[in-house]
Amino acid sequence: MTYLTLSNISKQFGDSYAVQDFNLEVEKGEFVSFLGPSGCGKTTTLRMVAGFETPTNGSITLDGADITDKSPNQRNMGMIFQSYALFPNMTVSQNIGFGLRVRKASKSEISDRVREMVSLVNLEKHVDKYPYQLSGGQQQRVSLARALAIRPNVLLLDEPLSALDAKIRVSLRAQIREIQKRLGITAIFVTHDQEEALSISDRIVVMYEGNVEQVGTPFDIYNFPKTPFVANFVGSLNTAVAEVIDPAKGLLNLDGVQLASAAKMDGLMQGDKVRIAIRPERFSFASEGKKANVVDCRIENITFLGSVVRVHILIGNTKFTMDTFNYPSLALPQIGDMNQVTCSKEAVLIIDSEK
Amino acid sequence: MTITTAPTSVAVKEQTTRASVRKNRFWSWVIFVVGALYFLVPLAATFYWSLRAEKDTLGFEAYRRLFADANFLPSFSESIVNAVAAILISLLLIVPTAYWVTLRLPKLRQVVEFITLLPFVIPAVVLALALIRLYSRPPLLLTATYDSSRILLVCVYAALSFPYMFRAVDNGLRAMDVRALTEAAQSLGAGWPTILLQVIFPNLRVALLSGALLTFAIVIGELTIALFMAQHTLGPYMANLTRSKVYEPSAMAIVAFAITWAAMGIIQLIGRGQQGQIAGGH
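Top to bottom, those sequences are chains A and B.
Under the numbering used here, residues 1 to 355 are what the first sequence spells out, in order.
Under the numbering used here, residues 1001 to 1282 are what the second sequence spells out, in order.
Hints may contain errors.
[To be verified] Think about it this way: if two alpha-carbon atoms lie no more than 20 Å apart in a straight line, the pair counts; the simulated EDC-like pairs of lysine to aspartate or glutamate are:
{"#": "1", "chain 1": "B", "residue 1": "Lys1107", "chain 2": "B", "residue 2": "Glu1014"}
{"#": "2", "chain 1": "A", "residue 1": "Lys107", "chain 2": "A", "residue 2": "Asp15"}
{"#": "3", "chain 1": "A", "residue 1": "Lys107", "chain 2": "A", "residue 2": "Asp128"}
{"#": "4", "chain 1": "B", "residue 1": "Lys1107", "chain 2": "A", "residue 2": "Asp15"}
{"#": "5", "chain 1": "B", "residue 1": "Lys1107", "chain 2": "A", "residue 2": "Glu243"}
{"#": "6", "chain 1": "A", "residue 1": "Lys345", "chain 2": "A", "residue 2": "Glu243"}
Hint data in this document are derived by calculation from the structure and do not stem from the laboratory.
These numbers were taken from a predicted model, which means no experiment stands behind them.
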């Protein structure tokens, strides 16, 4: 049974809609990320779940009960903020125990729970410190412990890693995911960082200009984007306009080069223009083994990115990028050389038609 | 040639800069000394005068007489009670207002700021006469008895404190992320009273204390309004003292000054402890 349901949620500020007709069903214990650029409505949606914003239309139900009009302090949602929002006048243990003190829990219950939470986030040595005595990563772990201490119905995370440096971000997101799985808590995570969303989520809701573009698993979102926006926003992508040659066989013409696609071409006719998309890593040199599509190309440039080598190629008149793993025996062509690259039918996605 | 001239020009530049810094430092000291003398000489003179109550010897006789005066302690304690009451009223009005303006009505900040500044603009005499006129007839008759006048006086003092209290509280609120702290507390189940008492007030400790002590310093010796309302507070007492005594007014001035300085000292002491918390907390 669905645990959290957002039905036809809209939020209007003045004349403009921050969120429009948002629908989502979240299972208990699921980790869902709202992913999108700034201003896409992801934080507004999260704030409506938390109760800090009231939807203009629609309803929110939690475990079958309508919570749309409940105040934030009656929803039992643990919230983690980008700015940590730790109470500066309280120590780590006082911060973690705050929610329990508000609930008038007994002293022994509070101290047991605080000890449990402190150990969960590995902050045993810092219980008596004030927030200003901790690093950003430690502060965010306190914030996590504080939110979890109240045994929340849903854990809400509003860009919790954005203020941290890259290494801490990666380790903390793994820690958040590990704790969420261990406790089996339902979580909604807001981020504009696609890597973060892809690595941490059970499902991702990609949002753009207040609308849901696609909901799916990280695998689906990355490999089978349903809209041009999702295709462009999640991961690197080559896009080009091609002409349909044979919709039944999935044949396309790109600047005189024939490509085969496994994408459905229902309703498309010969001569229709479509926007195709191919991920850079789906290309490989034909010398390494041929797939359905083998095309001639010219090597325009080669960029080393550490573990990956990015090769800029020209197919027909269209520029593409191709990513290949960097290994010592990799035989790279010279810039300006003619070469052959290959990709599977499944790699050629159709993200838009221009009939 | 170029090799030798470049370091010379750098050295000359350095010398000029050093001379300019020395010159600036000299004038800074001159200004500081003149300012300190302007402030300290009258104070020292007042203190010296207060010690001359006994013929040919310096001593604290004026202070002894002052504290022995039957009217001093009652008027002093009355002023203290008035000040504390005014501070409480001011806190109860200003903190929730400033908090709400910061949290929900930021566009109203300038309007509220202007309203709180009004006591600065209206002269005390005008304010006192207007208040007496307004509150000396039904249905708002507050000048009929000494005690009801005192209530009115305390309310006026609270209003007089608004400019200081609002600025202090507003600065304190700006130093923290009020919205995030409020929402964090709300998500943890806290209602408005808990948020205000356990989250906002403690983090405004320094600001509240600054506002409170500034209010205290102003109210404790206030003369004009207290005189118009025929109150036996410290202000009118001091005014009477200057008319009838020679050395005691100086002693009184030094005592009042010491109280003000003690108030400022307390603000500094408490503020030093909290600066790191607020700064580091974000």
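Checked hints:
The straight-line distance between the Cα atoms of Lys1107 of chain B and Glu1014 of chain B is roughly 50 Å, outside the 20 Å bound, and the hint therefore fails. For the given pair, Lys107 of chain A sits about 50 Å from Asp15 of chain A by alpha-carbon distance, which is inconsistent with the 20 Å threshold. Taking the CA atoms of Lys107 of chain A and Asp128 of chain A, the gap is about 17 Å. The hint holds against a cut of 20 Å. For the hint pairing Lys1107 of chain B with Asp15 of chain A, the CA-to-CA distance comes to about 19 Å; that is within 20 Å, so the pair holds.
The hinted pair formed by Lys1107 of chain B and Glu243 of chain A fails the criterion: a straight-line CA distance of about 55 Å is larger than 20 Å. Between Lys345 of chain A and Glu243 of chain A the CA atoms are separated by roughly 16 Å; this keeps the pair inside 20 Å, and the hint holds.
Hints 1, 2 and 5, counting from the list given before, are not met by this structure.
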